[in-house]
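Visitor: Line by line, the protein sequences give chains S and E. Reminder that position 120 of the first sequence reads as 120 in this note's numbering, one-by-one numbering, no gaps. Reminder that position 170 of the second sequence reads as 170 in this note's numbering, one-by-one numbering, no gaps.
Because the hints were derived from the structure by calculation, they are not lab data. Any given hint could turn out to be false.
Within a straight-line C-alpha distance of at most 20 angstroms, the following computed SDA-like cross-link-like pairs (lysine to any residue) qualify [said to hold, decoys possible]: (1) 32/E - 316/E; (2) 134/E - 207/E; (3) 234/E - 260/E; (4) 170/E - 271/E; (5) 243/S - 289/E; (6) 66/S - 321/E; (7) 243/S - 218/E; (8) 234/E - 59/S; (9) 76/S - 163/E; (10) 66/S - 294/E; (11) 323/E - 103/E; (12) 75/S - 321/E; (13) 75/S - 236/E; (14) 243/S - 295/E; (15) 323/E - 74/S; (16) 234/E - 65/S; (17) 234/E - 218/E; (18) 273/E - 103/E; (19) 75/S - 320/E; (20) 124/S - 143/S; (21) 76/S - 217/E; (22) 273/E - 92/E; (23) 243/S - 297/E; (24) 234/E - 60/S; (25) 124/S - 59/S.
Ranges of calculated distance between the beta carbons of each label pair, as one might list FRET restraints [claimed, not checked]: (26) 165/S - 26/E: 49 to 57 angstroms; (27) 266/E - 232/S: 42 to 50 angstroms; (28) 286/E - 93/S: 19 to 27 angstroms; (29) 10/E - 226/S: 51 to 59 angstroms; (30) 296/E - 221/S: 28 to 36 angstroms.
Backbone N, C-alpha and C define an ideal beta-carbon position, used for all residues, glycine too.
The lines below spell out each chain.
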Amino acid sequence: MTERLLKAIAAIVDSDSNSEKKPSRMSPALRLAVAVFAIVLCACSRNAVFVITVLTVELIRMALLKPDRMIYVLKKLVLPIVFTLLIMLPAVFFGHRSTMLTVTMKVAESVLILLLVNEDLSWKEITGVFSEIHLPSVITMTLDTTVRFLVLLGRLAERIHEAYLLRSLGRAADRRKMSAAGGILGTVFLKSSKMSQESFEAMQCRGYNGAYRRLSRHRFCIWDALYLCAVPMLVIFFIITQKAI
Amino acid sequence: MHIPDNYLSPQTCAVMFAAAAPAWVISVRKVKKELPPEKVAMMGVGAAFSFLGMMFNVPLPGGTTGHAVGGTLIALLLGPYASCISVSIALLLQALIFGDGGILSFGANCFNMAFVLPFVGYAIAHAISPNWGKNKKRDLIGAGIGSYIGINAAALCAAIEFGIQTMLFKDASGNALYCPYGLNVSIPAMMAGHLTLFGLAEVVFTVAVLAFVWKAAPDFDNSTVKAKTALPVKILLGVLICAVPVGLLAEGTAWGEWGADEISGTGAGYVPKGIAHGINYPALLPDYSFSGLPDWFGYILSAVVGVALLVIIFRIISYIASKGSRYDRAVA
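Chain S extracted, bound-state conformation (with noise of 0.2 angstroms):
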């Protein structure tokens, strides 16, 4: 559970170093604002149309990955579809089938929204997101460090979790792994407050005075014009579905 876990976070962080992304043509700031709206359109339409057709879209978008790319977006889909089924599974016996496909369309699509979102965006450049919508630079860099941090000492802890268990024998070590978890974490508190210090050094050695800027901003293009689209045939096509049904 805990390697899977780091292995998730591990990912976000990774993704941005060795990943073959390319720079998103459109702003992120736009492309995380539609997907957002579209998700919470999604919430609010009454009725399954709406919820099929975003579907559809993002099921074209899907299309265009990789293949690679394509089975790990389904494998992350997997879950939260199985979860709500199973959750919803009771609107069945009371005669609501549509209840539990709406409802469960409606997770698939938005789960599938944010995987395609994360698809397009580097962490860079979410994190460059919150800087664009002026959301306190404290914020973003807690939020940026805190994923980075909870990687390198999720990994930390791992590792001296592996050597305690190496070096423990008999069936007396599986009761003392318990007894153990407070030294690994006290040691990695120790060992946290040791590399938050090295960073902030390392940080004030590049120039940081306390401003977590952006050094590019992106500027507005046609696929930013054309993106923008979206959002009035969203709002238009959300209007027409919710009075026709």
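Knowing the structure of chain S, use the given hints to seat chain E on it.
Guide: Showing chain E alone in chain S's frame:
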């Protein structure tokens, strides 16, 4: 030609599944062995063409409709085994998501449209043009005649499957339990449409798309070229998706695809018990439509969903197959 649920007895459905299963197994083995993994993704494009072809309904005087299948087209582009798998998956999507064709009768539909149609069409086309690829004009004539005979062979199989139900399954009062029409009605009714307009639609669809693909994307069926869907093929798919509402101009229901409420009005005079009390699978987008929204919109959306899903499925299969083959090569 999509046989709905309850028109064939469960026993017939089981026999048809058993008949289709060897075709699936052999096709999968042949495709794994003979088709380069990179080309498997092309099967998705082929399946998408077949899916869209089946949405263009052609009307026939008398109120019935029919459509092209495109099985011969895929067989000539990628081979009959690839066509068998592509059409089967397109039929599966139609049955599960759009309620077009039954779940129990899936084996029968695959036997007719995914096995008989492409193999007959492919064999005839290659018999007419033995040196395939050398003389394009002769190839196109072969493709046209092959697709015509292929779809008629498939329709004949469907007609026989419908027709034998009255002979085999009757209730105590002598009424049919499933399809109420015997061979004397089902064969003429099915073949009249397929020997004329529906057969012609299959010929036009096969020859037109084949000629376009050869001209615009000559590498599409060349197994030595690394597979990538050419832009003209993508544009053709887009044009076909936008044009699918044309299929709505044909009013009426295809012969043998009536609902339980329609069947007594077709001349049967009663609703067979098997149809009245049979299974009723509630599809997500029944009849390619949304209640409350225009039919054309539902039709286009269904086409997009079908094409996108087929492309995703086959690209993933292609990726997994290529990973496996790379590993096999490395081990060897």
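Visitor: So, for every hint listed, does it hold in this structure?
Guide: Here is what the structure says about each hint:
1. 32/E - 316/E: Status holds; Cα separation ~14 angstroms.
2. 134/E - 207/E: holds (17 angstroms)
3. 234/E - 260/E: violated (39 angstroms)
4. 170/E - 271/E: holds (13 angstroms)
5. 243/S - 289/E: holds (17 angstroms)
6. 66/S - 321/E: Measuring from Cα to Cα gives roughly 15 angstroms; hence the hint holds.
7. 243/S - 218/E: violated (48 angstroms)
8. 234/E - 59/S: Roughly 16 angstroms between the alpha carbons, so the hint for residue 234/E and residue 59/S holds.
9. 76/S - 163/E: With a Cα-Cα distance of about 48 angstroms, the restraint between residue 76/S and residue 163/E is violated, given a limit of 20 angstroms.
10. 66/S - 294/E: This hinted pair is violated, its Cα atoms lying about 34 angstroms apart.
11. 323/E - 103/E: violated (32 angstroms)
12. 75/S - 321/E: holds (18 angstroms)
13. 75/S - 236/E: violated (31 angstroms)
14. 243/S - 295/E: holds (17 angstroms)
15. 323/E - 74/S: Holds, at roughly 18 angstroms.
16. 234/E - 65/S: holds (15 angstroms)
17. 234/E - 218/E: Holds - the C-alpha atoms of residue 218/E and residue 234/E are around 14 angstroms apart, at most 20 angstroms.
18. 273/E - 103/E: With Cα atoms ~18 angstroms apart, residue 273/E and residue 103/E stay inside 20 angstroms; holds.
19. 75/S - 320/E: Given pair residue 75/S, residue 320/E holds - Cα atoms ~14 angstroms apart, limit 20 angstroms.
20. 124/S - 143/S: Judged against 20 angstroms, a Cα distance of about 11 angstroms means the pair holds.
21. 76/S - 217/E: violated (36 angstroms)
22. 273/E - 92/E: Violated, at roughly 26 angstroms.
23. 243/S - 297/E: holds (16 angstroms)
24. 234/E - 60/S: holds (13 angstroms)
25. 124/S - 59/S: violated (26 angstroms)
26. 165/S - 26/E: 49 to 57 angstroms: Holds, since residue 165/S and residue 26/E (Cβ atoms, about 51 angstroms apart) stay within the stated range.
27. 266/E - 232/S: 42 to 50 angstroms: holds (47 angstroms)
28. 286/E - 93/S: 19 to 27 angstroms: This hint holds: roughly 23 angstroms between Cβ atoms.
29. 10/E - 226/S: 51 to 59 angstroms: Since residue 10/E and residue 226/S have Cβ atoms about 53 angstroms apart, the given range 51 to 59 angstroms holds.
30. 296/E - 221/S: 28 to 36 angstroms: At 34 angstroms between Cβs, range holds.
The structure does not agree with the numbered hints 3, 7, 9, 10, 11, 13, 21, 22 and 25 stated previously, though it agrees with the rest.
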